[in-house]
Amino acid sequence: MAYSKKVIENFLNPKNMGEMKNPDGVGKIGNPVCGDIMEIYIKVGKKKIKGKEKKYIKDIKFKTFGCIAAIATSSMVTQITKGKTLEDAKKITKEKIIKKLEGMPPIKIHCSVLGTQALRKAIEDYEKKHKQQVYK
Amino acid sequence: MKTIYFDNAATTKVDERVLKAMFPYFSEKFGNASSQHSKGREAKEAVEKARKIIAKSINAKSREIFFTSGGTESNNWALKGLYFWNKENNTGKNHLVTTSIEHDCILKTCKWLEKQGAKITYLDADSEGFVSLNQLENSITDKTIVVSVIHGNNEIGTIQDLKEIGKICKEKNVLFHTDACQSFTKTKIDVEKMNLDLVTLNAHKIHGPKGVGALYIKEGIKIIPLLHGGGHEKGLRSGTENTPGIVGFGKSIKIANKKDVENMKRLRDKLIEGILKIENVKLNGPIGEKRLCNNINISFNDIEGEAVGGYLEQKGILTSTGSACSSHTLETSHVLKATGLSPLQANSSIRISLSKFTNEKEVDYFLKVLPKIVKKLRRFSPFIS
Chain A
23 MAYSKKVIEN FLNPKNMGEM KNPDGVGKIG NPVCGDIMEI YIKVGKKKIK GKEKKYIKDI
83 KFKTFGCIAA IATSSMVTQI TKGKTLEDAK KITKEKIIKK LEGMPPIKIH CSVLGTQALR
143 KAIEDYEKKH KQQVYK
Chain H
496 MKTIYFDNAA TTKVDERVLK AMFPYFSEKF GNASSQHSKG REAKEAVEKA RKIIAKSINA
556 KSREIFFTSG GTESNNWALK GLYFWNKENN TGKNHLVTTS IEHDCILKTC KWLEKQGAKI
616 TYLDADSEGF VSLNQLENSI TDKTIVVSVI HGNNEIGTIQ DLKEIGKICK EKNVLFHTDA
676 CQSFTKTKID VEKMNLDLVT LNAHKIHGPK GVGALYIKEG IKIIPLLHGG GHEKGLRSGT
736 ENTPGIVGFG KSIKIANKKD VENMKRLRDK LIEGILKIEN VKLNGPIGEK RLCNNINISF
796 NDIEGEAVGG YLEQKGILTS TGSACSSHTL ETSHVLKATG LSPLQANSSI RISLSKFTNE
856 KEVDYFLKVL PKIVKKLRRF SPFIS
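Going line by line, the protein sequences match chains A and H.
Numbering of the first sequence is given in my numbering, commencing with residue 23 and proceeding in unit increments.
Numbering of the second sequence is given in my numbering, commencing with residue 496 and proceeding in unit increments.
It is worth saying that the hints were derived from the structure and are not from the lab.
Check before you lean on any hint, since a few could be wrong.
Listed next, the stretches of chain A that the computed footprint assigns to chain H, with coverage defined by at least 3 CB atoms under 8 Å from CB atoms of chain H [what the hints assert, rightly or not]: (1) 34-43; (2) 56-69; (3) 82-91.
Quantities reported herein were computed from a predicted structural model and do not represent experimental measurements.
Using N, Cα and C, we set each Cβ at its ideal position, and we do this for glycine too.
Please model the complete structure; the sequences and the hints are all you need to start from.
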């Protein structure tokens with residue numbers, strides 16, 4: 023399968039991989055299409071942006087059972103998200119991930135969907151635990 | 496970086512001697528084997544010489560060997576040709592028996608034949624990939640045309656007992672076909688002793704060229720052609736003979752030898768032994784004499800096959816995987832599924848297939864890098880905490 027250089031880079035040297043102790047939110051998702059499984063863990067912090075206090079992703083890690091595309095996606099999602107407010111992190115689309123990875127073979131696009139879904143689930147998990155909505 | 500090619504079940508490197516034998520038939524000996532003049536006769540002679548070599552290698556007669564474009568065509572032809580001969584001649588027979596671990600070119604042909612009215616029985620496989628002779632025998636009815644069973648499995652290397660299957664087919668008076676693409680020249684095939692009526696062979700798995708294969712059809716068997724035209728191959732397979740390919744095919748058989756097979760077996764077993772030292776891995780398919788001499792298939796559990804293959808490639812080692820991710824259809828290997836593996840286990844498999852060019856150094860290097868790769872991938876597997 024023809025992967026971009028960026029995909030291979032992220033696959034061979036994935037960033038933010040591994041376990042996180044006491045995460046604030048966990049997102050687990052399985053792909054019914056190909057059997058891949060992705061887990062994203064987040065730690066949430068608070069910081070002031072333009073005078074307003076916002077919650078942001080202080081740390082993020084992933085664990086993935088999956089192919090080259092799934093691992094590269096996991097690595098990229100965590101890199102894009104780290105430091106972003108929860109609000110902004112929720113808006114990350116598969117298109118953005120694919121663009122950052124310099125493309126994805128059409129048959130592997132579902133892997134990138136997996137990345138955004140796992141991320142959103144992790145944020146939702148955090149929100150549920152803290153009974154707070156990011157949006158007012 | 497040197498490439499280590501461990502994907503010889505996909506295709507093999509053409510042997511230099513094969514290449515050398517083929518060359519003249521592209522240039523000065525370019526004739527059409529059907530032409531009556533000297534150029535034609537020259538080509539014809541070469542084609543017949545190759546036919547003889549192939550026939551001899553499986554204990555058949557030259558006139559029972561028909562050249563095709565390869566394994567896929569031979570398999571398609573065998574099943575479609577037999578089914579439609581029966582249909583055309585209103586024999587009332589419409590049933591085929593095959594297995595759940597065939598190559599796609601058999602399975603998809605069967606699926607298509609079902610749409611044309613054929614009834615197909617797909618035999619189960621056990622955990623090592625063997626079909627049950629009992630089930631096979633019981634599935635044969637008075638409407639059965641042919642039993643088609645793959646000789647050496649392309650994914651997990653299981654070698655079926657063709658002699659026993661042949662016996663049953665003879666007793667039950669049904670035809671017997673085997674797809675021998677992977678086993679040819681590696682495991683003995685004797686059409687007489689195995690009671691084979693049709694055998695699919697090809698060249699590119701045995702260091703011959705791509706695009707050429709053969710179908711052995713026992714004398715007297717009624718089959719219709721797939722390709723109509725100029726009446727080549729006794730009217731059963733039209734199309735100008737691929738002379739260079741056929742010459743290369745013959746040569747590749749001629750140079751195949753027992754020593755190479757024994758060497759592959761030794762390296763295969765060394766690899767299996769070394770890989771099984773890694774924790775929590777599983778060998779798919781049998782061990783020992785009932786396994787293809789060049790096949791290894793391993794499930795690594797907890798990590799995905801394509802990912803293992805991707806890291807191996809970074810180290811210059813080329814393998815293949817049965818994982819869903821790598822297939823065109825995102826479907827898990829039907830062979831691994833048939834042997835009872837869970838989708839997860841099947842998705843965590845890789846296939847390593849050797850050739851006569853594989854050497855000890857390559858094996859040692861592989862065994863050195865593999866454990867590190869598995870360790871790294873398991874570090875971020877969600878199944879391991």
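Outcome, coverage hint (the segment 34-43 of chain A, chain H; C-beta under 8 Å; three residues): This one holds; 5 residues, not fewer than the three required, reach chain H with a Cβ under 8 Å.
Coverage claim, chain H over the segment 56-69 of chain A, checked by counting residues with Cβ within 8 Å (three needed): holds (count 6)
Proximity test - 8 Å, beta-carbon atoms, the segment 82-91 of chain A to chain H, at least three hits: holds (count 8)
Of the hints listed earlier, there is not a single one the structure fails to meet.
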